[in-house]
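Line order of the protein sequences matches chains A and B.
Residue numbering for the first sequence follows our numbering, starting at 13 and increasing by one per position.
Residue numbering for the second sequence follows our numbering, starting at 91 and increasing by one per position.
Calculated from the structure, these hints are not laboratory results.
In this text, a Cβ means the ideal position worked out from N, Cα and C, and glycines have one as well.
Nothing false has been slipped in among the hints.
Stretch by stretch, here's where chain A covers chain B in the computed footprint (C-beta under 8 Å, at least three residues):
(1) 611-620
(2) 663-676
(3) 718-729
(4) 778-792
(5) 854-865
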Amino acid sequence: MKKLIYILLAGTALITSCKKSLDQQPISNNTTDTYFSAPNDFLQGINAVYNDLRTYPDRLLNLSETRSDNLYAVSEGGVRDWEGINSFFKTIAANPYVEEAWSKDFNGISRANTLLDQLTKNGAAVIPDATLRRRYEAEAKFLRAFYYFDLVRLFGKVPIIDHPVLTDEALNIPRSPVADVYALILSDLQFAADNLPLASAYAVADKGRASKHAAKSLLALVYMTRSGPTYSIEGPGLGLNEWSLAAAQLNEVISSGQYTFLTNTGTATTAYSSIFAYTNENNREVVFNVEFATGSNPQLGATYPWLLVPDGYFQSLGQPNQGGLEIRPVSNNMLASYETGDIRKAFSIQAGYSIPRGVTEVRSFYKKYIDITKVPASRTDWPINFIVLRYTDILLLKAECVLHGAAGSQTTDVDAVVNNVRIRAGLPGNQVNVTLPQLMEERRKEFAAEGSRWHDLVRSGLVTTVMPAWIAADDVRKQIQPFTPNYIIYPVPQSQLDVKTGLYTQNSGY
Amino acid sequence: MSKNLLFTSFSGKKLFVLFLFSLFSLTSLFAQESVNINGKITDENGLAMPAVSIKIKGTTQGVSTDANGIYAIKTTIGATLVFQYLSYLPQEIVVSKAGMINVKLVEANTKLDEVVVVGYGTQKKGNVTGAIATFKADKLEERPIVRVDQALVGQMAGVSVKQTSGTPGKAFSIQVRGTGSISAGNEPLYVLDGFPLASASPNGSGNFSTGNPLDNINPNDIESIQVLKDASAAAIYGSRAANGVVLITTKRGKSGKPTITLNTYAGTVERSKKLDMLNGAEWIDRATEMINAQWVASGTGRTASQTTDQRRTILGLAPGAFNTTFMLDDRWAQPGYGGLNVIDWQDEIFRTGLTQNYQLGASGATETVNYYVSGNYVKQEGMVKGMDYESYSARANVEIKANDNLKFGVNIAPTYSVTNDPGVEGKDNILHQALSMSPIQQDVAGNVNVFNSTQYIWGVSTNDPLAKLNNTIGLTKKFRTLGTVFGEYKILDGLTFKTTVNLDNTDNTSKSYTPYTITGSLTTRTTSPNLGTAGSYGGYRKRTFVNENTLSYVKTFKDKHDLSLLVGQAYNSDKIENVNLSSVGGFGVGGITTLGSASAVNGSTNEAMNVLISYFGRVQYNFDQKYLFSASIRRDGSSRFGTNNQYGIFPSVSAGWNIAKESFLKDSKKISELKLRVSYGESGNYNIGDYSSRALLGSNNYTFNGVPAYGQALIGVANPNLSWEKSKTTDIGLDIGLFQNRITASVDYYNKLNTDLLLNVPIPGVTGFGTQLSNTGSVRNKGLEFEVSTRNLTGDFQWNTSVNVSHNSNEVVSLASGQSQILIPSSFDVSHSLLRVGEPMYSIYVVRQEGILTQQDINNKVALFGSQTVGDPKYKDANGDGVIDANDREIVGHPNPDWTYGVTNTFRYKGFDLTVLVQGQTGGSIYSLLGRALGRTGQGVPDNALGFYRDRWRSPDSPGAGEVGKAYSTFGRIKNTDWLYSSNYLRVRNITMGYDLGRQFKSKAVKGARIYVTAENFFGTDKYKGGFNPEASNTNLSGSDIFPEAGDYGGLPLPKSLILGLNFTF
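Looking at chain A on its own, in the form it has when it is part of the complex:
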């Protein structure tokens, strides 16, 4: 009997010692319970908010460039994901690109919120340097505003999430009026502009982080977008007259001396291409970019360079396929818009190709970001940064404000800027009294393949005239549906409508 007792005692001891082992901490992952206990943890938290920018270039190409008159992207057999984006199908609520935009932007917002929440809770205790703490907060707010601005431009009204939310709470947060979303964006950007360092104040290793003037530039673009027409939809334009507010921000960027308009030297016409050169990243034109690098594990490279490039092009140059699908041709209208001698055309657009096997493609496509000598080992690992805001854009945005009545001179702030852009492109700088449509036409060519076109059309009010005219002229396959202002914004993704009936209502027209 004694033995039995010993055995039972031993068993009981075993059980009690085991109970603790039910609390198994993950070995290969951190959890929020254990993380954010060192300053570097916060830095890594911030870096992860930047990480969501990585799909932004692809999104711009899919949802802005492809939707506009720059591309004639109707596909064979209707099997491509971009089918309906360019063709204004009503049924694109479940389109993967539309779904991606909503989920990725909100993922970025939730990461920013987690970081801001942890800063509030533990920031003071963990990070003694108050300036650094404020910089982290400002970076998080810049990025939150960045993602929200993308959402507003794509979807109009969206739910306002300014703190970490779990499922139960999220199920009761409806979409907020656009004006309210802008209020959060403006306050975040204002904080960012006040607290972010100058681009030049960052250490070399931090090049690419949001800077004071990146925040001011974005703030200006937000003011300008709010100032666009409402089109009687709940979209990004509020019809406000904030061109002067925007111009004031842009003036600060221009006068900061942080950036330079790259110009040709001598007879060379390489300034334009040098902006995008693989060997000239973070050049003086760059105000804010999405950074990519090759050769890391996990990969930190880009896919956007080949997104609009058909595989045959790579084959014709003896390179491995990149995963590009069917061609999304540049529209005839776009091709025709270039004046003879415009070096931007040949740089941005490839006029077909033929591969040894005999297939010849005669249609044109964008190849602006391809340096054939830099094809990476993996097709998803291209090393080239994507410029989101560049100094030429700042100058042209300022010109736009002036044309809308903000303080400034037609000659020096509009005509001269446009002429400088033209001269750099190898064209005569002979424009006088540039009008808004002329300015937008110049932007179209200058920012081809940069994802700017759709937003430009919407902001300027041109979308309702330009798109129908283009469809009538270019849609030889008669696959594009009639354009209505409802299509200025995208439908709320079907998956979001399905989560809880009635939580969100679909945008008009879808």
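Position chain B against the provided structure of chain A, taking the given hints into account.
Positioned in the frame of chain A, the structure of chain B alone reads:
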């Protein structure tokens, strides 16, 4: 041949007489005189039985029979001799005088007295109240079997064993009573000699990426397998029992002289099926038609009759230049195809492989030690070149009786296996590529677009699959050790304490290497040698540690009350460590396959662990073996569960009524067994991932100024409520034995409701995530199982039949609140399957094809898909909106079969035996993406196509078989019933013919010998024209981890083998 047909004679009568005789002799004499007894032991058929143990009851003295069944023993008058042999009924005979006692042993067909293994103990089969299927292991030795799961095919009702791969050594997939889980796996828990092995589910592609519990387990070591099907039998295993429990018992030594066995076999393995693809001439015919059509459509004035030169001129190409889209290869029309090669790629890659196996075992038992040791070597060449499997295994089971109260023992089984698979099965792997490869080539097979050859410009750009088989390394080495140490202490009479410590350790390494010479294009191979070379080295160490302690009490009161009590406690931990290294950017040096020569290497490691702590108890009671009752309960706490739900309780209760033991049936000549069983139980499925409930952070890096910047962010929404999936099963069963059990049968009806399924429930994207892992939704499986065994003929010619038939129907009862369906995503076009409330899981959801479009259809304005024209397939406008699109999809089938069955017939005559196993299924469907890859609309010229393109639509006057539209179609494609196939099949899995050589040997050294020939998978029929194996799974068709859907995208046919084997006993 005997005329002893069923119902006309009963061998049981003889038994009865013998029994009466022994009763009589028991009462007769009690003298103590020393006498010599000898005799011969035979079986029912009068065949001599070697190795039968003869013991004097109450002593340790004993002998065993020789090869001729002869024995001699010295004993005393009045002593009782016990005759025992394996599964034969033991007999006791009281010695009344010196001389000869011949005994005829009868096989234990009175199943009631058979002992079956249940969780944490054994039970007489007659007292079992749960639904338990038993597999007799003697069938294992009589057949050449490489894996334990292979042996279970077609054997048990309700146990579906799918051979999802044709790769040698690869795991099968086992499902007990249908599939109840959507994302937590449907494989049962395996318990080996009481050691619950870590459960593993196939990944989305249908592969067991971190091993299968049955890997490397030598089937020759298996004594018996029991499958606990219902929750009452399985619930003692709590949170792991929802998919059933498979109890495997390995061999133990039997008392008597040491027995040495040698089993060996050798034979050939080849494909059992060839896919009907277009041959060279047919491919040329199709290519010509398509290229001409493309030419004609490309501009006005272009006609099919224009020559290649004319077309070249029109296209403005340089002399000698080709546009393969618009120009034919003139050699196609020349005799002998102008020197081009016609290649049957299937014939090139398949082969006849050799297989061989050697097993040596020794076993025996003395008063204090019981041992079984064995060693096994198997080598199998696959049916495809370059595929091999080799395995070495050993096992020692030793049990030592230290004294009357203390027993301890050790089981240890180290094993090592080596598999080489160059990557044959699955999408874009070698088999799929070999099928798609153009059958007309410039170069010979083995030299197409590899090394210094370029591709045939009208052919596919793929590299030669044969060269890949010959030059790719895909080695997996697995070293697994299973060990158990146990001690058993009898505290009081009937009260026993048992403790076991178990360890299962697997070290698995995989190495792959592909030289650049068989990748990419000739240009790349020439300009950038070694750049295309890729290598990897990875592996895992998986360790399961289990300690279990039980206290059991068994007592019979007043002869009629049998009581058995069990309480226990268990600690279980699983740990896995992964390492992965792979080359980046090619190799720097050629010819070396290790990563030291890679240009750069990416590497990572990962670890995870979980702990399960359990308490359990069971009470079994029967009154007079008539009224049976059993109840069990288990409490499981797992580190996997959320903090709000750390413990689960799993109860079960069951009852049985042995009607045959009632007075009104006791004397029935017809009914020898009749038992009604009813049970209810709850169990769980805890395969929810080790850390799924937690707020995990993951790497989300960024880069600044070209330098990586580490980032950490949440990778999911935490769910502290996360718990196991629940399963509730009700089972009603009836066991019947007729005519002295010449006919035995079991019928079971079950209703299994799985609730709280682990589902990724859509949540608002504003949380940062699209889904959250939650317990919601439910699936019901209902089924009927029927097993019957008959001894149709006895006597010299014996014929036994056993049949098992199962019906299972599966229905999604609910999904997350407010959800009526979930479309399973697809990597290939729109979804083709869904989970819809009220329908079977993963119902197939596609557009229906109904014939071919005629001009009249077009005139009548039937609904079209895109730019369809005459000769294209005609689809059903299910929603009647006048156009064909994804909204016209309908449910057209479901993947799981409605009925599965297996029939085994065994014949014995003199020394010959013949076994035939026929197995099949009906009622299920396959949606084959391999079929789609090989026969889709809009398919290009170079790819080869399925044979049904032979009878395609060619013109209104030559409309073909009405199944396939014209070869040149430009409207694109939509998921439709073109690639829907019935998964029905009927297959003769095994025919084994054996002969007892012991009749020929008169050697004393050899106790028994048998020679046999086996034909596996020789005959069969299926309706799967778009692939080889209706059960194949090798690719995740959904491309999603959230709703994985394993399916066929290039799975091998079942291996067809012809094998000669020998079994010796010394």
